[in-house]
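Trainee: Residue strings, one per chain:
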Amino acid sequence: QVHLVESGGGLVKPGGSLRLSCAASGFSLSDNYMAWIRQAPGKGLEWLSYIGGSTNTIYYADSVRGRFTISRDNARNSLFLQMNSLRAEDTAVYFCARDLGGGNTWPEGYFDYWGQGALVTVSS
Amino acid sequence: EIVLTQSPATLSLSPGESATLSCRASQSVSTYLAWYQQRPGQAPRLLFYDASKRASGIPARFSGSGSGRDFTLTISSLEPEDFALYYCQHRSTWPPAWTFGQGTKVEIK
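In order, the protein sequence lines correspond to chains A and B.
Throughout, this note's numbering is defined as the position within the first sequence, counted from one, plus 1.
Throughout, this note's numbering is defined as the position within the second sequence, counted from one, plus 99.
Just so you know, the hints here were simulated from the structure itself, not pulled from any lab data.
Backbone N, C-alpha and C define an ideal beta-carbon position, used for all residues, glycine too.
Careful, some of the hints might be misleading.
What the hints assert, rightly or not - Derived DSBU-like pairs (lysine-lysine); straight-line CA-CA distance at most 30 Å: (1) B:Lys-152 <-> A:Lys-14; (2) B:Lys-152 <-> A:Lys-44; (3) A:Lys-44 <-> B:Lys-204; (4) B:Lys-204 <-> B:Lys-152; (5) A:Lys-44 <-> A:Lys-14.
Said to hold, decoys possible - Where chain A lies over chain B, by a calculated footprint (3+ residues, C-beta under 8 Å): (6) 118-127; (7) 191-200.
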């Protein structure tokens, strides 16, 4: 059974950093693209980043490129999001999600399993 | 970047009624569109992908249709657990930018 569990959320001051983790079980991280998606309070969903399962292919949304870094540790079956230079508008629940496809050339682009989310609050 | 516009913003209906939700893309996306359901305090759940392919475990009262720019999610007879937020999402082939609509809330009338 596929399960994703995020951790590492919390309160951070503007300009600060935070690292989110996503522990995966029930499948091998190396078999799928994985994504981070966020949802600001009372707002819609925003895709942030994708990383290939067994490749180093990475994509970022313009809103986080240069500030956020996605990575994975296949041996630990875990996904990470390093967030630097945080701003108030980064306040959101951050979800990790598995790509529906099983390939590694290009994401299928749909998200079939999601974690429960980690709340990140950026405030002084 | 593809922009998805969902309508209406809110749909007020009673249990047992049918619901029709719309999603319009700013340009043709073929059938590269998904629908998600999000209940309060929960993560989104994939309902349909490629416009009309039902995800695992999704009840038959849900149906997805459309192609090009216009897509529809239909719930034939609303159950209490169907009152939730629904999002459409575009599957990008290029550039690498995956976008969501702003959502439609289905609420109890």
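Trainee: State for each hint whether it applies.
Mentor: Taking the hints in turn, this is what the structure says about them:
no., hint, verdict
1, B:Lys-152 <-> A:Lys-14, "43 Å, violated"
2, B:Lys-152 <-> A:Lys-44, "27 Å, holds"
3, A:Lys-44 <-> B:Lys-204, "12 Å, holds"
4, B:Lys-204 <-> B:Lys-152, "22 Å, holds"
5, A:Lys-44 <-> A:Lys-14, "22 Å, holds"
6, 118-127, "violated (count 0)"
7, 191-200, "holds (count 8)"
Violation of the numbered hints given earlier is confined to hints 1, 6; the remaining hints are satisfied by the structure.
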